[in-house]
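Enquirer: Keeping their order, the protein sequence lines are chains A and B. Every number in our numbering is 6 more than the matching position in the first sequence, counting from 1. Every number in our numbering is 481 more than the matching position in the second sequence, counting from 1.
The set of hints was computed from the structure by calculation and includes no laboratory data. All C-beta atoms in this analysis are idealised placements derived from N, C-alpha and C, irrespective of residue type, glycine included. Certain hints may be false.
To be verified - DSS-like mimics (lysine-lysine), calculated; alpha carbons at most 25 Å apart, straight line:
1. B:Lys633 to B:Lys535
2. B:Lys813 to B:Lys633
3. B:Lys601 to B:Lys751
4. B:Lys627 to B:Lys709
5. B:Lys813 to A:Lys124
6. B:Lys813 to A:Lys118
7. B:Lys633 to B:Lys789
8. B:Lys813 to A:Lys130
9. B:Lys627 to B:Lys751
Unchecked claim - Derived list of chain A stretches under chain B, where covered just means 3 residues or more per stretch with a C-beta under 8 Å from a C-beta of chain B:
10. 120-129
11. 233-247
Said to hold, decoys possible - Beta-carbon label-pair distances, calculated as ranges:
12. B:Phe836 to A:Ala162: 50 to 58 Å
13. B:Pro734 to A:Gly158: 51 to 59 Å
14. B:Asp555 to A:Ile133: 44 to 52 Å
15. A:Gln276 to B:Pro643: 14 to 22 Å
16. B:Pro643 to A:Leu284: 44 to 52 Å
17. B:Asp555 to A:Gln276: 25 to 33 Å
18. B:Pro785 to A:Val141: 35 to 43 Å
19. A:Gln276 to B:Asp827: 27 to 35 Å
20. B:Asp765 to A:Leu103: 52 to 60 Å
21. B:Pro643 to A:Ile151: 40 to 48 Å
The residues making up each chain are set out below.
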Amino acid sequence: MDLSNINPILLVASIMISATPILLAAIGEMVVEKSGVLNLGVEGMMITGAVIGFIVAINTGAPLLGFVTAAMAGAVLSLSFGVLTQVFLSNQVATGLGLTLVGLGLSSLLGKPYEGMKTVTLPKLDIPILSDLPVVGRMFFSHDIMVYISLGIVIAVWAFLKFTRAGLILRAVGESHESAHALGYKVIRVRLAAIMFGGACAGLGGAYLSLVRVPQWTEGMTAGAGWIALAIVVFASWRAGRVLVGAYLFGGITVLQLNLQAAGLTWGVQYLSMSPYLITILVLVFISSNRKRSSHDAPANLGQTFHATR
Amino acid sequence: MIRRTLLATAAAAATLAAAPAFAQDPLEACFVYVGPIGDGGWTYQHHQGALAVKEEYGDAVNIRWQESVPEGADAERVITQMAISGCDIIFTTSFGYMDATNTVAAKFPDVKFEHATGYKREHPNVSTYNARFYEGRAVVGHIAGKMTETNKIGYIASFPIPEVIMGINSYYHHAKMANPDVELVVTWAYTWFDPAKEADAARAMLDQGVDVITAHTDSTAPLAEIAKEGGSAWGFGQASDMAAFTTNDDGTPGPRVASIIDEWSPYYVKRVGALMDGTYEQVDSWAGMPEGEVVIGEMNDAIPEDVKAEAQAMIDAITAGEYHPFTGPINKQDGSAWLAEGETADDGTLLGMNFYIEGITGDIPN
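Given these sequences and hints, build the entire structure.
Expert: The structure is reproduced here in structure tokens:
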């Protein structure tokens, strides 16, 4: 084993790239859950975003336009979930799982003609001064624009929930939809907006996979990233800052274990490979074993249907 | 719904019963795929084989297939459904279908079953077939050894099973013979198909100075990742030709310098033909370059002419049966003797291979 082969600068740089899709999906899902809705369809919205973004980028040659359409596609798909669960009061868990299946099927249908094609990818930004700094320049300041947009979204979500009135309303809806309703807030509208935001973020995350990280379209290419995003939200106990940490940790472990292998470490690689999932299970057990803690962290009305006449 | 399916099945059975009256009825050849045809690799190649059967026999054959069939209980259901609905021969094209294939075969003695890459033939109507992929690894190993500038070559491995270990050993052995200073880096992805992870694995190796990578996973993601290096690193098409990566969009040479193609067509055509003319027998087939089942895709101009000629000479020698990629002297990793001078590996050892050869660092995970 020769750990000196691992270049920490390149390692951090590739962790940031590797974590961006799950970060985007997770921050969107966090907002959805903050409003009291559990959408298990993240995987389906991600892969739909991946295929739509790819198709648009191929046909127009503009990857950024691909991202925009991917976000819209994710939002539209999530709206179907929103209408079913908020207007027709269907079960959120079942509908969310259905959304995943629909997304997987739809994407493979739409993507058939685009398999094996290559797309223009996003250029790496060359930020004056910052990119030229030694070490940190290569680490943090020479990525493509989506990496910074994803970080921007995290900060915006944090500020929105913490400092704005609208954020307070969204949290109120998630904590007690009855009270929010009694105060005159439009519970269903707030939730639909949150669901669409979550869908758009998941779509962006998917498009990042197909347009930057891989970059190509292959059926089923998200390969479970949506589920990891869901786990990160719980792991982060519904806080934006911790979602960032969680996503970079999860992305980081994958990249780190591959780097350790490439450097010659063979022992314990499987354990490192499964550690993100193990950590998720442990966190879930820990959270659910302590009722006080869980009621403190999770939005109180998470996953419950709301009807104004009840 | 169930009643309709029942009726349809009954109708199918009735047609089947009436079938012998029409000797010219087309033969039904059915295929079970583990992934989507569009994976650009493993399943795509099996489907090319199926299409070759149709091309060869025209109206005398009908082909049917089912994509993305999970290994396990679903596979048994799909195979049973195929057997009921009149398939005469069923090709199950993934290792994980092994038990399901044998279970269904017991219930349908008149249907022929062909299982790819497995070893169980519990009933007279079950045959197995595989390809000698290590012959292809030998050729790309030679190219890798000659082309690396950093003397570090990489192998993205899927799971620690004999087929993969065979590939790693063959790749390294021939790279080492071409370039004694070469060092092999193996990363285990623990998946057959996860484009993002495959790309990450390629990235990790590239970041550590590896400049020639071969993959034992199913997608084209590693090649796409290598392409980002812009001409300072190289890779190979895996299972399928992956010709899209031969040149970049701007016309510069792409990352794919050659490829190992699984060519199932000769076997499929032969087996379906044998079934039609009555010469069909149970077999355990393990064919390679001589039979045209393992093919090296076109070698790019990025490979120097002399290396190309050497690689071609090796292909010719293997095809003619004059050279076995595992010809001694080869020692095991711990230095103990495996093959003596001039000795070649027997199939039994290869099929159960669970050790690295001398010179490879690291352990095989278990």
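Enquirer: Confirm or reject each hint.
Expert: Hints and how they fare:
no. : hint                             : result
1   : B:Lys633 to B:Lys535             : violated (44 Å)
2   : B:Lys813 to B:Lys633             : holds (21 Å)
3   : B:Lys601 to B:Lys751             : holds (21 Å)
4   : B:Lys627 to B:Lys709             : holds (22 Å)
5   : B:Lys813 to A:Lys124             : violated (42 Å)
6   : B:Lys813 to A:Lys118             : violated (45 Å)
7   : B:Lys633 to B:Lys789             : holds (20 Å)
8   : B:Lys813 to A:Lys130             : violated (45 Å)
9   : B:Lys627 to B:Lys751             : violated (37 Å)
10  : 120-129                          : holds (count 5)
11  : 233-247                          : violated (count 0)
12  : B:Phe836 to A:Ala162: 50 to 58 Å : holds (55 Å)
13  : B:Pro734 to A:Gly158: 51 to 59 Å : violated (38 Å)
14  : B:Asp555 to A:Ile133: 44 to 52 Å : holds (50 Å)
15  : A:Gln276 to B:Pro643: 14 to 22 Å : holds (18 Å)
16  : B:Pro643 to A:Leu284: 44 to 52 Å : violated (29 Å)
17  : B:Asp555 to A:Gln276: 25 to 33 Å : holds (26 Å)
18  : B:Pro785 to A:Val141: 35 to 43 Å : holds (37 Å)
19  : A:Gln276 to B:Asp827: 27 to 35 Å : holds (31 Å)
20  : B:Asp765 to A:Leu103: 52 to 60 Å : violated (43 Å)
21  : B:Pro643 to A:Ile151: 40 to 48 Å : holds (46 Å)
When held up to the earlier numbered hints, the structure conflicts with 1, 5, 6, 8, 9, 11, 13, 16 and 20 and fits the remainder.
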